[in-house]
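Going down the list, the sequences are from chains W and V. So that you can map any letter, position 221 of the first sequence is 323 in this note's numbering, and since no number is skipped, the others follow by simple counting. So that you can map any letter, position 144 of the second sequence is 246 in this note's numbering, and since no number is skipped, the others follow by simple counting.
No wet-lab data here; the hints were simulated from the structure. Don't be surprised by glycine CBs; every beta carbon is placed ideally from N, CA and C. Hints may be right or wrong, so weigh each one.
[Claimed, not checked] The following residues of chain W were derived to be distant from chain V, with all beta-carbon distances above 10 angstroms:
1. ASN121
2. GLU152
3. ASN170
4. GLN199
5. TYR203
6. SER213
7. GLY300
8. ARG322
9. ILE328
10. PHE332
11. SER335
12. SER338
13. LEU343
[What the hints assert, rightly or not] Pairs of lysine-lysine, DSBU-like flavour, derived with a Cα cap of 35 angstroms:
14. V:LYS254 with W:LYS230
15. V:LYS310 with V:LYS280
16. W:LYS275 with V:LYS230
17. V:LYS167 with V:LYS216
18. V:LYS224 with W:LYS224
19. V:LYS280 with W:LYS212
Listed here are the chains, written in short residue letters.
2 protein chains.
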Amino acid sequence: MQRYFINKTQINNNIVTINESDTHHIKNVMRMSIGDNVYVCDNINAYLCEIVSINEVTTLRIVKKLENNPELSVNITISQGKLQREKEEMVIKALTQLGCYQYIGVQMSKSIVKTKKITDNKIDRIQKIIKEASEQSQRNRLMKYVSNITFKELISNFVNYDLVIFCDIAESKNVTLKELLSEHKYKNILAIIGPESGFSKSEKDAIKNANALTISLGKRILRTEIAPLFLLSAISYEEEL
Amino acid sequence: MQRYFINKTQINNNIVTINESDTHHIKNVMRMSIGDNVYVCDNINAYLCEIVSINEVTTLRIVKKLENNPELSVNITISQGKLQREKEEMVIKALTQLGCYQYIGVQMSKSIVKTKKITDNKIDRIQKIIKEASEQSQRNRLMKYVSNITFKELISNFVNYDLVIFCDIAESKNVTLKELLSEHKYKNILAIIGPESGFSKSEKDAIKNANALTISLGKRILRTEIAPLFLLSAISYEEEL
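Chain W with its partners taken away, still in its complex shape (with noise of 0.2 angstroms):
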């Protein structure tokens, strides 16, 4: 079943109001009518609802809460040097359908990627990516996506996460992940992955210096698109299998 994504205040006494573009969408794309089912997702709970009528706006009233919450129980920051337009839809779209809670480009020294500037048009582009995944994969909240931050940034950022993790190849780890996720219940972790052509010896730096933690993601070098795919793969084992 079609399911739209809204934020809170739209909805007031069990009635939901859609706004015009998602309208469209029910309007001319579905062809629903009054009466028809969909879903709707305030980033936290899904409602079955119902079309109580279709204008300018749609208005639908709520059938009921959902109980099946298809979210990870920790949010997963993805940090990664800035990629390739390509690669980076892909990773993004994967990451979406993995239950990953926010995406980060970040400035690195190595990024074949120098964008000091991202359109609106390219922002508008990810955003219609991670909306198609999270329909597709029955989500009940959007991936958040911060298209470019730099990594002075990224390393002030580290404050706002109770574990922040360096996915590094061919550095000593201190710890393994299946350590880390039995010892304690962590509820917002960041995790940084390299560009293409990985970090500068002074970003590696300025990460363990910031007390970031290295670990390991298997016995193979994983490409910098696969490791992110990797890592909420096997949180999600670890979680809800």
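Got chain W; can you put chain V on it based on the hints?
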């Protein structure tokens, strides 16, 4: 360091003979000389070698066997409904990095790709992808690739594995993957994954009747190209971290 994949028969009394095509790579791409070092992998072990002579073929002397084994302790075969070319290539590249033992394309009734004949060109292209990904991820063996079997052949292959798992959405699960992996040390696991549009009813019935165990891959619906990546990552996490 450059890594070449050979057959065991190319090793004789500590001397390795490298074929013409890899010799071309050593001479003209890497521009290496006598005395330079390379790694050689015979699908089980990897060796540090020194170049002894370069002519039409190259001869190497084994300096030492490498102790670090980057292969998973369990052989995972992914069988998947035949995918569109681009998706199949993406999956194969990722699975090679993640330590997959074998990939088998299967004709399923909902596959968009209806290929009876796979051209040699196409198979060469896939083998090249596997070789490059094996080298980059520093594996000791090349992932095996079977381009195309019938669904009937898939079912008759079940006897070659000590565990067959069926990765389907919206099915009641027999058991969790974590339970399976903790109960027993499997040597050869076959996983069955659908094409883009999923399995037909009769395919599902045949798989279950042949005693495959239905398992879950987390709480969200994964697209077919992400499902095998999840599975390999989860098994690597369980076995190696």
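Item to check | Structure versus earlier hints - violations, ascending order | outcome: 3, 4, 8, 9, 10, 11, 12, 13, 14, 17 and 19
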